[in-house]
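A.B. asks: Model the placement of chains B and C with the ligands on the given structure of chain A, informed by the hints.
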Amino acid sequence: MSAAHDDHHHGPAKGLSRWFYTTNHKDIGSLYLWFSFAMFLLGGTFAMVIRAELFQPGLQLVEPSFFNQMTTMHGLIMVFGAVMPAFVGLANWLIPMMIGAPDMALPRLNNWSFWLLPFAFLMLTSTLFMDAGAPNFGWTFYAPLSTTYAPETVTFFIFAVHIMGASSIMGSINIIATILNMRAPGMTLMKMPLFVWTWLITAYLLIAVMPVLAGVVTMMLFDVHFGTSFFSAAGGGDPILFQHVFWFFGHPEVYIMILPGFGIVSAIIPTFARKRLFGYDSMVYATASIAFLSFIVWAHHMFTVGMPIAGELFFMYATMLIAVPTGVKVFNWVATMFRGSMTFETPMLFAIAFVVLFTMGGFTGLMLAITPADFQYHDTYFVVAHFHYVLVPGSIFSIMAAAYYWLPKWTGHMYDERLGKLHFWMSFIGVNVLFFPQHFLGLAGMPRRVPDYALQFADFNWISSIGGFLFGASQLILLVVVIKCIKGGKKATAQVWEGAQGLEWTLESPAPYHTFTTPPDPKLIHDQ
Amino acid sequence: MASAGSHETYYVPEQTKLPIYASIGLILTVFGLGSVLNNIKASEGTTFSTLIAIAGFLLLAFILFQWFSIVIRENHAGMNSDQLKRSYVWGMAWFIFSEVMFFAAFFGALFYVRNFAVPWLGGEGGKGATGEFLWPEFQAVWPLIENPSNAVFTPPHEAMDVKEWTPGFFAAYLPFWNTLILLTSSVTVHFAHTALKAENRRGLIQWLSVTVALGVLFLVFQVIEYTEAYGHYGLTLDSGIYGSTFFLLTGFHGFHVTLGTFILSVMLARSIKGHFKPDDHFGFEAASWYWHFVDVVWVGLFFFVYLL
Amino acid sequence: MLSKAKLWLGLVVAALMTLSTNLQAAWELNMTQGVTQISRDTYDLHMQILWWCVAIGVVVFGAMLWSIINHRKSKGAVAATFHESTKIEIMWTVIPFIILILMAIPATRVLTEAYDSTESDLDIQVTGYQWRWEYRYMRGDASEEEVLFYSNLSTPSDQIDNSLPKGEHYLLEVDKPMVIPVNKKVRFLITSNDVLHAWWVPAFAVKKDAVPGFINEAWAIAEEPGIYRGQCAELCGIQHGFMPIVVHAVPQEEYDAWYAEQQQAAVAAREGANSVVTMSAALQQGEEIYSRTCIACHQTGGTGLPPAFPALAGSAVANGDVEANISLLVNGVPGTAMAAFGRQLSPVELSAIITYIRNSFGNNTGDLVQPADVTTILQEAQ
Ligand code: HEA
Ligand code: HEA
Ligand code: CUA
Ligand SMILES: [Cu+2]
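Residue numbers (my numbering), protein chains in the order written: chain A, 1 to 528; chain B, 1 to 308; chain C, 1 to 382.
Excised from the complex, chain A in its bound form (with noise of 0.2 Å):
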């Protein structure tokens, strides 16, 4: 414990006020996760309902309108509510303790930018309860489905989507502005950990295509209340039009749900191998390349609408060379394992499980990327399947290891490892039989977004739906971790793990109200 305090800083405040008006990035940092898990929990459970009704072939228990409302509302609250505020809340707790900063660089937005967050859901899903039902088409929400022939309900969604979006730019800006601005003394750029690395970058994602997010939305806003044409043919628009600008805004998305998980894979691996990473430069060079190459490829989501055979091919070559830049990083995991000396804690299984099912989520999003062959996957569950291996097995899992494997950190105490690694063999094992059977349905020609379905369809569904509530169950044995975790167990040491490098591992457990108040000792600072 070398880094200095002062012993006269203030702890923070009592009852519930601390919780509301905290300008303090652990704080914050803990309201983002707390929030995001019950955001889970809430689109998790959408998601069970999805998979009761597929359970079996025939209307069992859910109209169909009710079920587009749940697809719709399960896609976004997973990805605006569960994945990236979990995300954000990482990066307030972790990045000032890795890079040596006291705080975040704007404290005060700081904690703005996360209670619109909460105000933008309970808008949203208060559409659930109103009279039109909430929207039904799609995450995607493709005009004019999303705007001639919307429910009513549109117009707060789409308010939503803004303030969800405002929320996204002011926390990115101030992510940026701590990486950039608050590095302790010896910390330079390319001695950061690459959660602060990728997340510099997914700020940057974030700041330049959530601003298009609000400009397709607010095209619709007028295309619904004030007679523009932007979506209609009738007045020269083109409803492809909205598909290009969702997609512009929506490719990166999927790599703001991913980059961050890179980061955790990329500490935790050398932790539990007590190897230095493997290619750390060019892990920085794949991310940028990942980010780059990211604004150019969204019309892959959009092989069969039609497009000029030169854009066909463009979008297909473009996103085909994703690939190169995200094996080097798959490869150099491998390569730090190699000739490591593993040990396997939780949060280790799931960084393993995260480099294989996120493997083969990327290569099925390889063969989506073949132009003509995506007109057969295209919209079916052969899609579903895939974006569930990179989302579920790949963010989230990302998601869950970095919980693991700071938990000692931010709590002081060690977490249950039987319970730990039982959530993770359940989850495992859940996510596989849940996902794995879709790629086989979606090949056979079941389309996704259907609440019934051909009976040569049934034997798959039945499997996944299984999968799917072994799955859903097992996340609550998370939630029974975190909390035994919080009120007590083994008193965790400084180091917690034996193999862990960084400046976080060099404050007490639990980290200090205010970590670094006065900027470490460089000496502590090492390449990575």
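In short, the hints are calculated from the structure, not lab data. It should be emphasised that the depicted structure is a prediction, and the values quoted were computed from it without experimental measurement. Take the hints with a grain of salt, since some may be wrong.
Unchecked claim - In silico DSS-like pairs for lysine-lysine, Cα to Cα no more than 30 Å straight-line:
id, chain 1, residue 1, chain 2, residue 2
1, A, 421, C, 176
2, A, 14, A, 491
3, A, 491, C, 184
4, A, 491, A, 421
5, A, 490, C, 184
6, A, 484, A, 421
7, A, 421, C, 75
8, A, 191, C, 73
To be verified - Here are a few chain A residues that sit away from chain C, every Cβ distance over 12 Å (derived from the structure):
id, residue
9, 52
10, 66
11, 188
12, 292
13, 313
14, 466
15, 478
16, 508
All residues carry an ideal CB built from backbone N, CA and C; glycine is no exception.
C.D. replies: Leaving out everything else, chains B and C with the ligands in the frame of chain A:
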């Protein structure tokens, strides 16, 4: 790279009630606004929704006013370290970048419509079958004086573009004057900055006043132009894609000019109060950056919306 | 963690085995090979990429598994200290790149072929509606009788709500399929009347979005006679899961006969406009049309799904002025899902369905609408 010294004076603000109330204000504003829009569409009364929106907006405005006052007060009290000031600089720069991307979405839409959608509807290019089978009457000419379906979207009778390059016409051509106005105002705000740095407070106030006046003049011209468009040209928001892109681009720009003018007026008031020091005036600088940004967007607009 | 590794390996092997043993049993686990050159090419492309990925996976996951087994602390492994190697890093950038080029070449070839829709033998305009397909056969000359019809889901709602056992082609059957000749290049001009839909027949490897106001082209040469089934593949609202596509590919002579028959039926329908119908016939035909065309929105028993879809039971329109009712059916309600059925149904059918809704679900006007009544309003509409 921060120097060690700046860390020691790092100032973590106390707890603050501002953000959560600002959030409540904002959410009430948009919820009220959304309800108003839905009410209008369903031909229902809007009184209650309007009240919610106004209440929310007042709360938001009040909180933001408090917020900025506190920031200014803290700065005057010397509580802001150099490092924090740099954070504000980064913050403003990236905020402007986000605004650039917001406009990029609308410019992108204009580009797509003109180069792809409208030609296809007119029977040209890769999806020419569209025009041939569905809109045999429609000709792809920009600006659209005929829509694919004039029954659904009533087209304008005339476009806002340059009709003829005669000096007389050009002299009456408002967008041209507006371009001049904004370009000039960018220069005057720069003069104000120079004056500020030279500790010439009179110069600062004068040049800033000129800038604000130019901003107002721009807005006046814009209003005249819109009246013209609605009244004489029949060009409206709902007159097809030409009107849609025209009004959204110029409208959001106009909204930004309004905001920019307001911010500059606040800076003017602060200059009069003597808030700014030659070496410490980021509030002013941020406002002037914003103004330059608005100016650059206009140049893009003038080029792509009016001239091309 | 050997158990995890084994489990993983087992999963991959099992998956691969099921995949490869089922290569032939298309429509079960793997993509269909279909009945067109393009669909077979697409299938080959799919398999080729899949095997590339499997191979890369075996190498990557193999290396990982090997380290996991051998380089564990519990086995006394001591960590090496290397952490970069420019040579290796360049290698694993270049090799994937080369593999990608090898994938891109056949992909480009197949795509170029699939995009060449010129020189077709027959053109069919396919229009998506919420929630049915319209097929219009393009005529050589305008004096010919036009063949145009709608294709609706024909699975009875009793099967969907589980009160009857489900049939073999549950959800993949229609009242009137598209018919095309085999070995002829058929071009589909795909568009939509309302929201986005997508016309997808896996056996042809054709999936194209139906975009309102725009036409997308696709084509197929079916090489074997048969019945090919597909579904709408773009979320289009409540009944998106219930708008299947069925195409009969038949030999040319059979196609010609069918086409001539359709033309005669069209003539008959036009002439039927002057016929006089009886109440019982109208009610019977009306009920049939209702359960095919209207039930999706207005529901069994005419209860509707308020607020989106109004009830017809007790509806002011169905109990009010007859002409207003006819006109609503003919012209639809613009801007809502209520389509203009004047184009979709013949005057006889329209009169029957209107008679039916005015005398069912507790509505009791006693009106008998004649085809001629409808024709008058249809002509006004044009
Ligand atoms: C975290 C989110 C995430 C990530 C990381 C990715 C990653 C990728 N995605 Fe995915 N994608 C989604 C989320 C994501 N996707 C979502 C949500 C959708 C659906 C949206 C909707 O419609 O609702 C979607 C849909 C989607 C489509 C559209 C499908 C369709 O609708 O028809 C396509 C098509 O190209 C695609 C491609 C890819 C590719 C090529 C990658 C690549 O980045 C993958 C790269 C990784 C690898 C390839 C593996 C590792 C590499 C190696 C081991 C090197 C060697 C490999 C080779 C040479 C092959 N994705
Ligand atoms: C990060 C994003 C994310 C995550 C984590 C998930 C997680 C899950 N998703 Fe989803 N999904 C999307 C993003 C995500 N999804 C998107 C973007 C779409 C597309 C939407 C669209 O088409 O518009 C989609 C669509 C989608 C579909 C297709 C719907 C359709 O096309 O009609 C299905 C179907 O199986 C599905 C299932 C699941 C399941 C079972 C989980 C599970 O992993 C969830 C597990 C979590 C829980 C279950 C919650 C925790 C537990 C409890 C609350 C206790 C109660 C538990 C029980 C009662 C068992 N998702
Ligand atoms: Cu039509 Cu989906
Ligand atoms: Cu993508």
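A.B. asks: Hint by hint, say whether it matches the structure.
C.D. replies: Results of checking the hints against the structure:
Of the pairs offered as hints, the one joining residue 421 of chain A and residue 176 of chain C is violated, with about 56 Å between alpha carbons and a cut-off of 30 Å exceeded. A distance of roughly 24 Å separates the Cα atoms of residue 14 of chain A and residue 491 of chain A; the hinted pair therefore holds under the 30 Å criterion. Our distance criterion of 30 Å between C-alpha atoms is broken by residue 491 of chain A and residue 184 of chain C, whose separation comes to about 77 Å. Note on residue 491 of chain A and residue 421 of chain A: the hinted pairing holds, with a Cα-Cα distance of about 19 Å set against a maximum of 30 Å.
Our distance criterion of 30 Å between C-alpha atoms is broken by residue 490 of chain A and residue 184 of chain C, whose separation comes to about 76 Å. Only pairs whose Cα atoms come within 30 Å are accepted, and residue 484 of chain A paired with residue 421 of chain A is accepted, the gap being roughly 15 Å. As the CA atoms of residue 421 of chain A and residue 75 of chain C are separated by approximately 20 Å, the hinted pair is consistent with the 30 Å bound. As the CA atoms of residue 191 of chain A and residue 73 of chain C are separated by approximately 28 Å, the hinted pair is consistent with the 30 Å bound.
The beta carbon of residue 52 of chain A sits about 14 Å from the closest Cβ of chain C, which is more than 12 Å, so the claim that it is off the interface holds. Listed as outside the interface, residue 66 of chain A is inconsistent with that label: its C-beta sits roughly 10 Å from the nearest C-beta of chain C, within the 12 Å cut-off. Once the 12 Å rule is applied to beta carbons, residue 188 of chain A is consistent with being away from chain C; the minimum gap is 17 Å. Every beta carbon of chain C lies more than 12 Å from that of residue 292 of chain A, the smallest distance being close to 15 Å; the non-interface claim holds.
Non-interface status of residue 313 of chain A relative to chain C is broken: a Cβ of that chain comes within 12 Å, the nearest being about 6 Å off. Every CB of chain C is more than 12 Å from the CB of residue 466 of chain A (nearest about 16 Å), matching its label as outside the interface. With a cut of 12 Å on Cβ distances, residue 478 of chain A stays outside the contact zone with chain C, its closest approach being about 19 Å. Residue 508 of chain A, annotated as away from the interface, keeps every beta carbon of chain C farther than 12 Å; the closest lies near 26 Å.
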